[in-house]
Amino acid sequence: MSSRIRQQNVLVIDDLTTVGSKLNEILSTLRILNEDNEITIFSLIGRKDLMAESL
Numbered sequence: 010m011s012s013r014i015r016q017q018n019v020l021v022i023d024d025l026t027t028v029g030s031k032l033n034e035i036l037s038t039l040r041i042l043n044e045d046n047e048i049t050i051f052s053l054i055g056r057k058d059l060m061a062e063s064l
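Residues in the sequence shown are numbered from 10 upward in steps of one, following the working numbering.
It should be emphasised that the hints constitute simulated quantities derived from the structure, not laboratory data.
You may find that some hints are simply not true.
[Stated by the list, open to error] What follows is a list of derived Cβ distance ranges for each label pair:
#1 SER12 x ILE54: 26 to 34 Å
#2 ILE54 x GLU34: 12 to 20 Å
#3 ASN43 x ILE22: 17 to 25 Å
#4 SER12 x SER37: 12 to 20 Å
#5 ILE54 x GLN16: 14 to 22 Å
#6 VAL28 x ILE48: 28 to 36 Å
On a predicted model such as this, the values are computed, not experimentally measured, just so you know.
Positions of the beta carbon are idealized from the N, C-alpha and C atoms, including for glycine.
Model the full assembly from the supplied sequences, consistent with the hints where possible.
In structure tokens form, the structure reads like this:
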């Protein structure tokens, strides 16, 4: 699986984003595999004050 992710862009769908810790972990892992992947995040519910820069 990791070799396929290294060569692809990634869409992360999260059902709930409050503090962003789950997304931080996912993004860190994806960046280890390939820091050049384009990563798009879609969250169904989130906080207005959660900024992309903090993820």
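These are the hints, each one checked on the structure:
{"no.": "1", "hint": "SER12 x ILE54: 26 to 34 Å", "in the structure": "33 Å, holds"}
{"no.": "2", "hint": "ILE54 x GLU34: 12 to 20 Å", "in the structure": "18 Å, holds"}
{"no.": "3", "hint": "ASN43 x ILE22: 17 to 25 Å", "in the structure": "19 Å, holds"}
{"no.": "4", "hint": "SER12 x SER37: 12 to 20 Å", "in the structure": "19 Å, holds"}
{"no.": "5", "hint": "ILE54 x GLN16: 14 to 22 Å", "in the structure": "31 Å, violated"}
{"no.": "6", "hint": "VAL28 x ILE48: 28 to 36 Å", "in the structure": "19 Å, violated"}
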